[in-house]
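Colleague: Residues per chain, in single letters:
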Amino acid sequence: MTTRTATADPHTGHVTAHGQSAMPTALLGMLLFIASEVMFFGGLFATYFNARASAAGEWGPPAGAHELDIVLAGVLTAVLIASSFTMQFGVWAIRRGNIGQLRLWTGITLILGVAFLLGQLYDYSTLGFGLADGVFGTTFYTLTGFHGAHVFGGTVGLTILLARAMRGQFSARNHVAVEAVSMYWHFVDVVWIAVFSTIYLLR
Amino acid sequence: MATTTLDPRADTYGRSWVLDWLTTVDHKKIGILYIVNSFIFFFAAGILALVIRSELAVPGLQFVDVETYNQAFTMHGTIMIFLFVVPVLSGFGNYIVPLQIGAPDMAFPRINALSFWLLPLGGLLIFSGYLFGGAAAEGWTGYAPLAAERFSPGVGTDLWIIGLTLVGTASILGAVNFIATIFKMRAPGMTLFRMPIFVWTMLVTAVLILLATPVLAGGLIALFIDRNYGGSFFDPSVGGNPILWQHIFWFFGHPEVYIVILPAMGVVSEIIPVFSRKPLFGYKAFVFATIAIGLLSFSVWAHHMFTTGQVLLPFFAFMTTLIGIPTGVKMFNWLATMWRGKITLATPMLFAIGFLAMFLIGGISGVMLGQPPIDFHLQDTYFVVAHLHYVFFGGSVFGVFAAAYYWFPKMTGRMLNEPLGKVHFWLHFIGFNLTFFPHHQLGLSGMPRRIADYSPDAGWTILNLISTVGAFMIAVSVLPFLINVVASLINGEPAGDDPWEGNTLEWATTSPPPPYNFDRLPPIHSERPLFYLTHGHGHAVAAGREHEVEEAEEGADEDVAGDVEKREGLV
Numbered sequence: 000m001t002t003r004t005a006t007a008d009p010h011t012g013h014v015t016a017h018g019q020s021a022m023p024t025a026l027l028g029m030l031l032f033i034a035s036e037v038m039f040f041g042g043l044f045a046t047y048f049n050a051r052a053s054a055a056g057e058w059g060p061p062a063g064a065h066e067l068d069i070v071l072a073g074v075l076t077a078v079l080i081a082s083s084f085t086m087q088f089g090v091w092a093i094r095r096g097n098i099g100q101l102r103l104w105t106g107i108t109l110i111l112g113v114a115f116l117l118g119q120l121y122d123y124s125t126l127g128f129g130l131a132d133g134v135f136g137t138t139f140y141t142l143t144g145f146h147g148a149h150v151f152g153g154t155v156g157l158t159i160l161l162a163r164a165m166r167g168q169f170s171a172r173n174h175v176a177v178e179a180v181s182m183y184w185h186f187v188d189v190v191w192i193a194v195f196s197t198i199y200l201l202r
Numbered sequence: 000m001a002t003t004t005l006d007p008r009a010d011t012y013g014r015s016w017v018l019d020w021l022t023t024v025d026h027k028k029i030g031i032l033y034i035v036n037s038f039i040f041f042f043a044a045g046i047l048a049l050v051i052r053s054e055l056a057v058p059g060l061q062f063v064d065v066e067t068y069n070q071a072f073t074m075h076g077t078i079m080i081f082l083f084v085v086p087v088l089s090g091f092g093n094y095i096v097p098l099q100i101g102a103p104d105m106a107f108p109r110i111n112a113l114s115f116w117l118l119p120l121g122g123l124l125i126f127s128g129y130l131f132g133g134a135a136a137e138g139w140t141g142y143a144p145l146a147a148e149r150f151s152p153g154v155g156t157d158l159w160i161i162g163l164t165l166v167g168t169a170s171i172l173g174a175v176n177f178i179a180t181i182f183k184m185r186a187p188g189m190t191l192f193r194m195p196i197f198v199w200t201m202l203v204t205a206v207l208i209l210l211a212t213p214v215l216a217g218g219l220i221a222l223f224i225d226r227n228y229g230g231s232f233f234d235p236s237v238g239g240n241p242i243l244w245q246h247i248f249w250f251f252g253h254p255e256v257y258i259v260i261l262p263a264m265g266v267v268s269e270i271i272p273v274f275s276r277k278p279l280f281g282y283k284a285f286v287f288a289t290i291a292i293g294l295l296s297f298s299v300w301a302h303h304m305f306t307t308g309q310v311l312l313p314f315f316a317f318m319t320t321l322i323g324i325p326t327g328v329k330m331f332n333w334l335a336t337m338w339r340g341k342i343t344l345a346t347p348m349l350f351a352i353g354f355l356a357m358f359l360i361g362g363i364s365g366v367m368l369g370q371p372p373i374d375f376h377l378q379d380t381y382f383v384v385a386h387l388h389y390v391f392f393g394g395s396v397f398g399v400f401a402a403a404y405y406w407f408p409k410m411t412g413r414m415l416n417e418p419l420g421k422v423h424f425w426l427h428f429i430g431f432n433l434t435f436f437p438h439h440q441l442g443l444s445g446m447p448r449r450i451a452d453y454s455p456d457a458g459w460t461i462l463n464l465i466s467t468v469g470a471f472m473i474a475v476s477v478l479p480f481l482i483n484v485v486a487s488l489i490n491g492e493p494a495g496d497d498p499w500e501g502n503t504l505e506w507a508t509t510s511p512p513p514p515y516n517f518d519r520l521p522p523i524h525s526e527r528p529l530f531y532l533t534h535g536h537g538h539a540v541a542a543g544r545e546h547e548v549e550e551a552e553e554g555a556d557e558d559v560a561g562d563v564e565k566r567e568g569l570v
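Listed in order, the protein sequences are those of chains A and B.
The numbering of the first sequence is numbering that gives the first Met the number 0, which starts it at 0 and goes up by one.
The numbering of the second sequence is numbering that gives the first Met the number 0, which starts it at 0 and goes up by one.
In short, the hints are calculated from the structure, not lab data.
In this text, all values refer to a predicted model and were calculated from it rather than measured experimentally.
Worth double-checking, as some hints may not be accurate.
Derived DEER-like restraints, expressed as beta-carbon distance ranges [what the hints assert, rightly or not]:
id : chain 1 : residue 1 : chain 2 : residue 2 : range
1  : A       : Gly56     : B       : Met330    : 35 to 43 Å
2  : A       : Ala131    : B       : Phe131    : 20 to 28 Å
3  : A       : Val78     : B       : Ile450    : 39 to 47 Å
4  : B       : Ala335    : A       : Trp58     : 52 to 60 Å
5  : A       : Ala62     : B       : Pro313    : 35 to 43 Å
6  : B       : Pro313    : A       : Val37     : 26 to 34 Å
7  : A       : Gln168    : B       : Trp116    : 25 to 33 Å
If you want the ones that stay clear, here's a sample from chain A, every Cβ over 12 Å from chain B, calculated [unchecked claim]:
id : residue
8  : Phe39
9  : Gly63
10 : His65
11 : Ala77
12 : Thr141
13 : Ala162
14 : Arg166
Over the 10 Å line for every Cβ pair with chain B, so calculated as not near, a few chain A residues [stated by the list, open to error]:
id : residue
15 : Ser35
16 : Leu67
17 : Gln100
18 : Tyr121
19 : Gly129
For glycine and all other residues, C-beta sits at the position ideal for the given N, C-alpha and C.
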């Protein structure tokens, strides 16, 4: 790019050619990846609603199993939403160049994410029905399980972010990875809100 | 600089060429890897096609048993679509798109390498079913409940699922890369409406891949859960719904048809103007038709499911007919480009014209099948086989060979031999029509697809025999192509930078291009920057009269870029 006419964005230092937006390429890549993830979860939600619409009798856990623990799920929802806020505080901190606060908020976000996963595993252990117990179980564990897998992926990203922040690799001008991971983390959060509303609230 | 002159094209590292190809992140090398890998799978799936056609040549089971036959047509369809046509077009896209937009590489070179290397891995997993008690055998569509564990207990189907998921992941990553490259890496002056049509079709294709493939991945995972963990997505005995699989598969599967045909349309739209010595007629109409096809492709999937009785027939019939309109617009674009052009029938052009003729037939039979009253009679007959081969083979594969003949000189610096190319084309064209045209009549007279045997009294024998002869002719036609490629690589006529007097930027650099693609870029004032450099305002630019050129360009009908330029204030 250096041999061509190029302009640098004064805020991010990102070099763009004429007439092209200033969004860093890595962020655009993450946004596109998230678009594909939206379609992936869209397909899983479609299977859920299809199963629900064609199910005979009452929709819910199989007879004899426990009811869904909406209180625990509600607490986990609160934990994950809170983690979205703490993530964003970290992003705002590094935009100001405050790497100390970035470390703090990333660490808290990571703890909240792990707490969510542990809570979900505890929930699974108490439910008393499994993937193979009818179509409700299949769709329930597939939707929440794939969401959980994405939370796990997010915690891996957060761990890498934290390690890099500890080495002082980010600055106000150079923190595309922080923006990208936060974008993904917010997406995972939004998916959970949809999962929670669909499974627990739309009864 | 003055004292140490280093040839930037010299090998900087003394690495072995094997290691170099295995670890490359250069879009051109990755593009060639895509193309070579795809052709290997093409030959493998082609052999399976010969198995199918040999078995059907005459009534009775002569060569294979029914189970082997089922595996053959399943693997043939899966491999041809997922490991040949889609990736070979991605390979040409990988090589050509960065060059055509004047970029040094793709946006994410390492992800580009990853998306390539997942392909052979996925393909080998799909094929490896043969080593573990038999490959998948429920057709490339994997319909439930046939694909359920009860009816397909072998591990071949699980390998098919895992392999396809990897291949799908590869194409999603590739799609992210293409979109980011096209939006972020264009050279100064290369506005969206100056992009070559091939780049436009790759862009729309990438969006379709990005939005359709994840849905298939979700469906494949659901099928895997059903088969291995006792899930009941598609099992009606415990509340599941087998028709759901068809919805998921075709929600992906119909955009997939356009994923396969749009880049081929792009190839043809590059070739026809060059060999007609005219600009593409109606550039903007073509772009909007491409976008319209992309949008409509998400609303026609259930025309594959008319006979399930669970879809809204009028809606999907209407949308299916509607999508014929932008496709028709493109036909007029191509024909009007050729109209009164100075046409040369070089091999790329022959394949491009072959594409027009064959795709027209496939398009017409497609509109026929889109009408429920006809479809109810022809569902799952050889008429459908004829239709899909006229679109996939007559359309996409003709486009692939057109691209191969057109861009081989750029990729290797050598011309392909023209007489051999023409032998290839005519054997291929005649063989293709001998093979698949009789399928229309076989379908109309009721021959179902996916059967290994048929009654001698059914009246299908002669047409099947003709079809088998045609299939072997296609197989033979590949030989002159292979000989041509090898002989030209060794001893072909040097191509020079621009053997076809092209329009687009890939011809502005050397053949093959250096690792960084361009020493310098010509000015870009239209969708044909190279044409204007060599034929048009080259003189004017040299004389320092650029603004006159701009005015002249804005007056010309084919030039849409002038307005865009003014609007965006880019001049």
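Colleague: All hints, please: hold or fail.
Modeller: Each hint, compared with the structure:
1. A C-beta distance of roughly 53 Å is found between Gly56 of chain A and Met330 of chain B, which places it outside the suggested range of 35 to 43 Å.
2. Checked against the given bound of 20 to 28 Å, the beta carbons of Ala131 of chain A and Phe131 of chain B, roughly 24 Å apart, stay inside it.
3. Our hint of 39 to 47 Å for Val78 of chain A and Ile450 of chain B is violated, since their Cβ atoms are close to 57 Å apart.
4. Separation of Ala335 of chain B from Trp58 of chain A is about 57 Å and conforms to the stated range, judged on CB atoms against 52 to 60 Å.
5. Between Ala62 of chain A and Pro313 of chain B the beta carbon distance is about 41 Å. The supplied range of 35 to 43 Å therefore holds.
6. A C-beta distance of roughly 30 Å is found between Pro313 of chain B and Val37 of chain A, which places it inside the suggested range of 26 to 34 Å.
7. A C-beta distance of roughly 28 Å is found between Gln168 of chain A and Trp116 of chain B, which places it inside the suggested range of 25 to 33 Å.
8. Against chain B, the non-interface label of Phe39 of chain A is violated: not every CB pair exceeds 12 Å, the least being about 4 Å.
9. Chain B leaves Gly63 of chain A outside its interface by the beta-carbon criterion, the shortest separation being 15 Å against a cut-off of 12 Å.
10. Under the 12 Å C-beta cut-off, the non-interface status given to His65 of chain A relative to chain B holds; the minimum distance is some 19 Å.
11. Chain B leaves Ala77 of chain A outside its interface by the beta-carbon criterion, the shortest separation being 28 Å against a cut-off of 12 Å.
12. Not every Cβ of chain B is farther than 12 Å from the Cβ of Thr141 of chain A; the closest lies at roughly 6 Å, contradicting the non-interface assignment.
13. With a minimum CB-CB distance of about 20 Å to chain B, Ala162 of chain A clears the 12 Å threshold, and the non-interface call stands.
14. With a least CB separation of 21 Å from chain B, Arg166 of chain A remains clear of the 12 Å interface cut-off, as annotated.
15. Distance to chain B contradicts Ser35 of chain A as a non-interface residue, since its nearest Cβ pair spans about 5 Å, not more than 10 Å.
16. Distance to chain B confirms Leu67 of chain A as a non-interface residue, since its nearest Cβ pair spans about 17 Å, more than 10 Å.
17. Listed as a non-interface residue, Gln100 of chain A keeps its Cβ farther than 10 Å from every Cβ of chain B; the least gap is roughly 30 Å.
18. Distance to chain B confirms Tyr121 of chain A as a non-interface residue, since its nearest Cβ pair spans about 21 Å, more than 10 Å.
19. With a closest Cβ-Cβ approach of about 8 Å to chain B, Gly129 of chain A is found to fall inside the 10 Å limit, against its non-interface label.
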